[in-house]
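Q: Just need the whole structure built from these sequences, with the hints factored in.
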Amino acid sequence: MRLILLIIIALVAPALPTQAQESIVTGISTDNIALTADFEGSEVFVFGAIRREAPVPEEAGQLDIILTLRGPEQPLWVRRKERRFGIWVNTEGVRISQAPSYYAVASTRPVKEILSETERLRWGIGMDQAVRLVGGHPTITDTRPFADALVRIKESQRLYAQLEGEVRLVEDTLFQTTFELPANLVEGTYTAEFFLVRDRKVLHSGGTEILVQKAGLERWIYNLSQELPLVYGLAAVALALFTGWLAAVIARLLRR
Amino acid sequence: MNIYLPIAEVSVNALFLLGIGGMVGILSGLFGVGGGFILTPLLFFIGIPPAVAVASAANQIAGSSFSAFLGHVRRRTVDFKMGLVLLSGGMVGSFLGVELFSFLQRAGQIELFVSLCYVILLGGIGGLMLAEGIRSLRRQKNKNVLLQPRRRRSWVHGLPLKMRFRVSHMYVSAIPPFIIGLAVGVLAAIMGVGGGFIMVPAMIYLLGMPTKVVVGTSVFQFLFVTGFTTVMHAWRSQTVDVILALLLLVGGVIGAQVGVAMAARLKAEQLRILLALLVLGVGIQLALNLVLTPDELYTLATAP
Numbered sequence: 412m413r414l415i416l417l418i419i420i421a422l423v424a425p426a427l428p429t430q431a432q433e434s435i436v437t438g439i440s441t442d443n444i445a446l447t448a449d450f451e452g453s454e455v456f457v458f459g460a461i462r463r464e465a466p467v468p469e470e471a472g473q474l475d476i477i478l479t480l481r482g483p484e485q486p487l488w489v490r491r492k493e494r495r496f497g498i499w500v501n502t503e504g505v506r507i508s509q510a511p512s513y514y515a516v517a518s519t520r521p522v523k524e525i526l527s528e529t530e531r532l533r534w535g536i537g538m539d540q541a542v543r544l545v546g547g548h549p550t551i552t553d554t555r556p557f558a559d560a561l562v563r564i565k566e567s568q569r570l571y572a573q574l575e576g577e578v579r580l581v582e583d584t585l586f587q588t589t590f591e592l593p594a595n596l597v598e599g600t601y602t603a604e605f606f607l608v609r610d611r612k613v614l615h616s617g618g619t620e621i622l623v624q625k626a627g628l629e630r631w632i633y634n635l636s637q638e639l640p641l642v643y644g645l646a647a648v649a650l651a652l653f654t655g656w657l658a659a660v661i662a663r664l665l666r667r
Numbered sequence: 025m026n027i028y029l030p031i032a033e034v035s036v037n038a039l040f041l042l043g044i045g046g047m048v049g050i051l052s053g054l055f056g057v058g059g060g061f062i063l064t065p066l067l068f069f070i071g072i073p074p075a076v077a078v079a080s081a082a083n084q085i086a087g088s089s090f091s092a093f094l095g096h097v098r099r100r101t102v103d104f105k106m107g108l109v110l111l112s113g114g115m116v117g118s119f120l121g122v123e124l125f126s127f128l129q130r131a132g133q134i135e136l137f138v139s140l141c142y143v144i145l146l147g148g149i150g151g152l153m154l155a156e157g158i159r160s161l162r163r164q165k166n167k168n169v170l171l172q173p174r175r176r177r178s179w180v181h182g183l184p185l186k187m188r189f190r191v192s193h194m195y196v197s198a199i200p201p202f203i204i205g206l207a208v209g210v211l212a213a214i215m216g217v218g219g220g221f222i223m224v225p226a227m228i229y230l231l232g233m234p235t236k237v238v239v240g241t242s243v244f245q246f247l248f249v250t251g252f253t254t255v256m257h258a259w260r261s262q263t264v265d266v267i268l269a270l271l272l273l274v275g276g277v278i279g280a281q282v283g284v285a286m287a288a289r290l291k292a293e294q295l296r297i298l299l300a301l302l303v304l305g306v307g308i309q310l311a312l313n314l315v316l317t318p319d320e321l322y323t324l325a326t327a328p
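The listed protein sequences correspond, in order, to chains A and B.
If you count by the working numbering, then the first sequence holds residues 412 to 667, one letter each, in order.
If you count by the working numbering, then the second sequence holds residues 25 to 328, one letter each, in order.
Bear in mind the hints are in silico, worked out from the structure with no lab data behind them.
Check the hints yourself; a few may be wrong.
To be verified - Now the stretches of chain A that chain B is said to cover, found in silico as 3 or more residues with beta-carbon under 8 Å:
1. 458-471
2. 524-533
Stated by the list, open to error - Looking from chain B toward chain A, a few residues come up when the C-beta cut is under 7 Å (computed):
3. Asn26
4. Asn37
5. Ser197
6. Val282
7. Ala325
Idealized CB from N, CA, C, for every residue including glycine.
A: In structure tokens form, the structure reads like this:
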């Protein structure tokens, strides 16, 4: 089941004081995603329009849009396997202090072509900016392969995505893109950010939030297991004993 | 029909889980084994995190052994006193196992450790069963081969702390059953198995218990040990997925009925060789995963 809830929340982001000629008005197809038992992923449709106070100057460059969607941050261990005594063993590990559980960058053209490096770093756009290694590692000098591996694995799980050229911009005013969220989502607040780019600089930006939550029974079970683990364990055993007994009784009745 | 498992945090086909449960159930009905040693590796193969697979399998075994236990109680084939000695060892073993498990999980070596344990266990058991199966097929052809006599008295009977077990008609030291229980408890905690396949031969050959109470007593022991292990895992590492366990359980009970019906039509020796090949197959698959160069040398794990 694809969740396409059209709860539209228009958001007028406050304009930046410097260049107020152009700003964006955006909408997002949903502000709440429920992880229920039958959750199989979801599509988030992001769209918007560009508002202009004055006509665009003749000499101005091409207009571009960058949209990002970022899941809650979590610390992660990235471990590397090496062959020891013939078998593959985890030997070295690097703790990544902050990595978003989900991260996607969608843009009208490749980010490197439309944004200068300093602007990109300033606004924290891109995979290398998402995965942060604070303080490095005492023994491993080159931690770069570990960060790259994290991005690679997350991309294969469809949790990280670089969607270059996936934002459609019509007549320099209307834009839209779709983020596909896989089924293995982590709970929390997801932030969508919008960047209006011209002449390799960000002219205007804004953001909105999507709440991803386990819902119904799933939520109840998960919360119980975290908050009252002992009660949860006892209940799990009691439930298993009851189910086992009941199923055996039914099976015996059916055989007669 | 996909279902999102709340603790494993993955989306899996529910019918597929019922199928796995059913297959393991058929095995347990056919061969009279718990099937945990096949179930847990299968859960690894479909992408359930190992920690969740082991803990939920323990929960499933507790449920599926309950009705068998009630049956044994009705037929008075449980030596409760012996069971309690085994159980006290089992509780200590389970506690130690869960601690070892969470230590290895923090060190990032749990997958390797569990896989290695399985390779050794499945390889050993599969090999023994295959040899036994082939031997008994030969024995059928040549009826003159003598059965090996069973040693009734061994070093086990010289140990102190002797206790009288009325149901089993035995007077032996409490130390060996305690140690057997302890070993099985550790296995239950780190591998998600009931341990009947170790306990039953140990009780017959090491302690010399009468065969008619062995199975009932072992069911009594692992019902409580897996139950205790489930609670410990839920408490210490929050890795028990109830939805997963219940789906496997329902499939397992249905499968067990099919298995019992099938067992009546097949020859015991052929069955044993079949099971041996299956066990060896799973063991070899796990061993290959350890030896072959993986596609991805890096792994991710959530850090505390």
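Q: A separate judgement is required for each hint: does it hold in the structure or not?
A: Comparing the hints with the structure gives:
no.: 1; hint: 458-471; in the structure: violated (count 0)
no.: 2; hint: 524-533; in the structure: violated (count 0)
no.: 3; hint: Asn26; in the structure: 5 Å, holds
no.: 4; hint: Asn37; in the structure: 10 Å, violated
no.: 5; hint: Ser197; in the structure: 31 Å, violated
no.: 6; hint: Val282; in the structure: 10 Å, violated
no.: 7; hint: Ala325; in the structure: 4 Å, holds
Hints 1, 2, 4, 5, 6 from the earlier list are contradicted by this structure; the remaining hints agree with it.
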